[in-house]
Amino acid sequence: MLDIQRISKTFNPGTVNEKKAITDLSLHLNKGEFVTVIGSNGAGKSTLFNAIAGSFYVDAGAITVGGHNMTFLPEYKRAKRIGRLFQDPLKGTAPNMTIEENLALAAGNGGWFSRLTQKDRTRFRDRLALLDMGLEDWLNQPVGLLSGGQRQALTLLMATMNPPWLLLLDEHTAALDPGTAEKVLELTKRIVAEGNITCLMVTHNMQQALELGTRTLMMADGRIVLDVSGADRAGMTVEDLIHRFKAGTGKTLSNDRMLLS
Amino acid sequence: MLMITQTALELGFLYALVAMALFLSFRILNIADMTTDGCFVLGAAVSVTLAAGGHPILAIPAAMLAGSCAGFVTAFLQTRLGIPSILAGIVTNTGLYTVNLMAMGWKANQSLLGGSTIFTLLRDSGIGSDWYELLLAASVTVLAGVLLLAFLKTRMGLSIRATGDNSDMVRASSLNPAFTVTVGLCVSNALTALSGAMVGQYQKTVDINSGTGIVVIGLACLIIGETVLGRRTVTKGVLAVMIGSVIYRFIYAVVFYTKVVPVECLKLLTAVIVALAIAAPSIRKWAAFQQRKLAAGKGGN
Numbered sequence: 000m001l002d003i004q005r006i007s008k009t010f011n012p013g014t015v016n017e018k019k020a021i022t023d024l025s026l027h028l029n030k031g032e033f034v035t036v037i038g039s040n041g042a043g044k045s046t047l048f049n050a051i052a053g054s055f056y057v058d059a060g061a062i063t064v065g066g067h068n069m070t071f072l073p074e075y076k077r078a079k080r081i082g083r084l085f086q087d088p089l090k091g092t093a094p095n096m097t098i099e100e101n102l103a104l105a106a107g108n109g110g111w112f113s114r115l116t117q118k119d120r121t122r123f124r125d126r127l128a129l130l131d132m133g134l135e136d137w138l139n140q141p142v143g144l145l146s147g148g149q150r151q152a153l154t155l156l157m158a159t160m161n162p163p164w165l166l167l168l169d170e171h172t173a174a175l176d177p178g179t180a181e182k183v184l185e186l187t188k189r190i191v192a193e194g195n196i197t198c199l200m201v202t203h204n205m206q207q208a209l210e211l212g213t214r215t216l217m218m219a220d221g222r223i224v225l226d227v228s229g230a231d232r233a234g235m236t237v238e239d240l241i242h243r244f245k246a247g248t249g250k251t252l253s254n255d256r257m258l259l260s
Numbered sequence: 000m001l002m003i004t005q006t007a008l009e010l011g012f013l014y015a016l017v018a019m020a021l022f023l024s025f026r027i028l029n030i031a032d033m034t035t036d037g038c039f040v041l042g043a044a045v046s047v048t049l050a051a052g053g054h055p056i057l058a059i060p061a062a063m064l065a066g067s068c069a070g071f072v073t074a075f076l077q078t079r080l081g082i083p084s085i086l087a088g089i090v091t092n093t094g095l096y097t098v099n100l101m102a103m104g105w106k107a108n109q110s111l112l113g114g115s116t117i118f119t120l121l122r123d124s125g126i127g128s129d130w131y132e133l134l135l136a137a138s139v140t141v142l143a144g145v146l147l148l149a150f151l152k153t154r155m156g157l158s159i160r161a162t163g164d165n166s167d168m169v170r171a172s173s174l175n176p177a178f179t180v181t182v183g184l185c186v187s188n189a190l191t192a193l194s195g196a197m198v199g200q201y202q203k204t205v206d207i208n209s210g211t212g213i214v215v216i217g218l219a220c221l222i223i224g225e226t227v228l229g230r231r232t233v234t235k236g237v238l239a240v241m242i243g244s245v246i247y248r249f250i251y252a253v254v255f256y257t258k259v260v261p262v263e264c265l266k267l268l269t270a271v272i273v274a275l276a277i278a279a280p281s282i283r284k285w286a287a288f289q290q291r292k293l294a295a296g297k298g299g300n
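As you go down the protein sequences, you meet chains A and B in turn. The C-terminal residue of the first sequence carries number 260 in numbering that gives the first Met the number 0, and the numbering is unbroken. The C-terminal residue of the second sequence carries number 300 in numbering that gives the first Met the number 0, and the numbering is unbroken.
Do not rely on the hints blindly, as some may be mistaken.
[Unchecked claim] Within a straight-line C-alpha distance of at most 27 Å, the following computed DSSO-like cross-link-like pairs (lysine-lysine) qualify:
(1) B/LYS284 <-> A/LYS90
(2) A/LYS76 <-> B/LYS152
(3) A/LYS188 <-> A/LYS90
(4) B/LYS266 <-> B/LYS106
(5) A/LYS30 <-> A/LYS188
(6) A/LYS19 <-> A/LYS245
(7) B/LYS106 <-> A/LYS79
(8) A/LYS118 <-> A/LYS79
(9) B/LYS297 <-> B/LYS284
(10) A/LYS188 <-> A/LYS79
(11) A/LYS118 <-> B/LYS152
(12) A/LYS90 <-> A/LYS76
(13) A/LYS90 <-> A/LYS182
(14) B/LYS266 <-> B/LYS203
(15) B/LYS152 <-> A/LYS90
Just so you know, these hints were derived from the structure itself, not from any lab. Predicted model only: the values in this text are computed from it and were never measured.
Isolated chain A, as found in the complex (with noise of 0.2 Å):
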């Protein structure tokens, strides 16, 4: 579903700031897979995140999606097919719109001068009741009165309104509390398992990381080290991900934000 070939992206190349944030990278998923993506801070996870979904063009490789070349096509264009949610829950929504006029936009189904219809109000409130949140009944507020939490169930459940070939998740429950986060998870799970959706998703978690989807993925220096799947993975522990890590680089895996347990 998702081919990427040896893709490299430099920033501000010729300078002193210059930083390779991707080399050479190449990775092939199935449909259906479910990868989780774990590295060092500046090890280029979101990097990867951008250049797939056009936030910027890569300087060489190409990259596939659903069959379709999509290297160099802008990022709107490939929102059709790449469903998306950032750590910020704050971005994925518009604040002053009811949140039936977000899920009509998201949902994108007829014309340009098409209005909501009764059906889609009854389709968007059966959509809602699922995320268990009550917010089936709110149809008519503005996005801006939700919490973080609900804005983040809200937008997983725009991004795949009409199931994406693929889902990018950015920590998209970073910013929740422990709570929330457990609960966007569980939402996550579920829908993507529902779509058969191919996913790929950053998390700082790295038990979750071992226990989440079909295959992990370890990212250093713009470039995955480590990449486990099946057997493998299914009896591998935290401490064993570390001690690859290190094998594979030649480093200890170092990150204030990463979680061991």
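With the hints as your guide, set chain B onto chain A.
Here is chain B on its own, set in the frame of chain A:
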């Protein structure tokens, strides 16, 4: 007194269209559109020139089309060529000066001495008796308001609102902000030009400088209306610009007839009011901080 009321209402409704345009560009799209001044004159120039040529009705849509072209240029400059939005408006505005002179036949003003206007057409039909000017002004503005509201509820309208509300969201969704900003500015400038077109035929004259400061007056109307009505929903926003504009014209009429302030000072006064109103949140924050410091000083820590 009745005449003053009538005139204030008429001008209030006619200029409300500018405030409505600013509601779309400034409030919804979050862009201070400096095209407004020149676009207003453009609407008036096209309208008066066409009316002088014997087409007072055709003049109105023609003026709106001209206005949306001006909006398109501003949008193109900022979305495709990367010119900062305020500068883009100023650049278009400067260019419009020449375009406006051209629209008036290379003269600095254009009058409609005996020619018919949409207002005289209505008077001659007998509808609205003595109130025909107010009737026409109010119906055009209310119709424009209803259409704008309907538009803002369509998917296109929602996309425009999201663009101004959360640029991060739009970037990660499948909306192209360059497209939504362009459509938004075309619509808002069509409204500004509609205002100019109506005012031009109402006053039967247009002057190259008649648009100076219109953007600030429009903002004043917007802010007055929002102070009275609040600004939570788009429906309230559209209603607010009409109310605000009528109130502004009443204040103007009172100043004009009572001379409490010399009329020449009205623009300065408007500018001060707008600056204060937009600065209000900062001023409030500053006042609260001073109070906090004062309280801390008294407590001795």
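Notebook entry, point to check: Which hints from the list above does the structure break, by number from lowest to highest?
Noted result: The structure breaks only hint 7.
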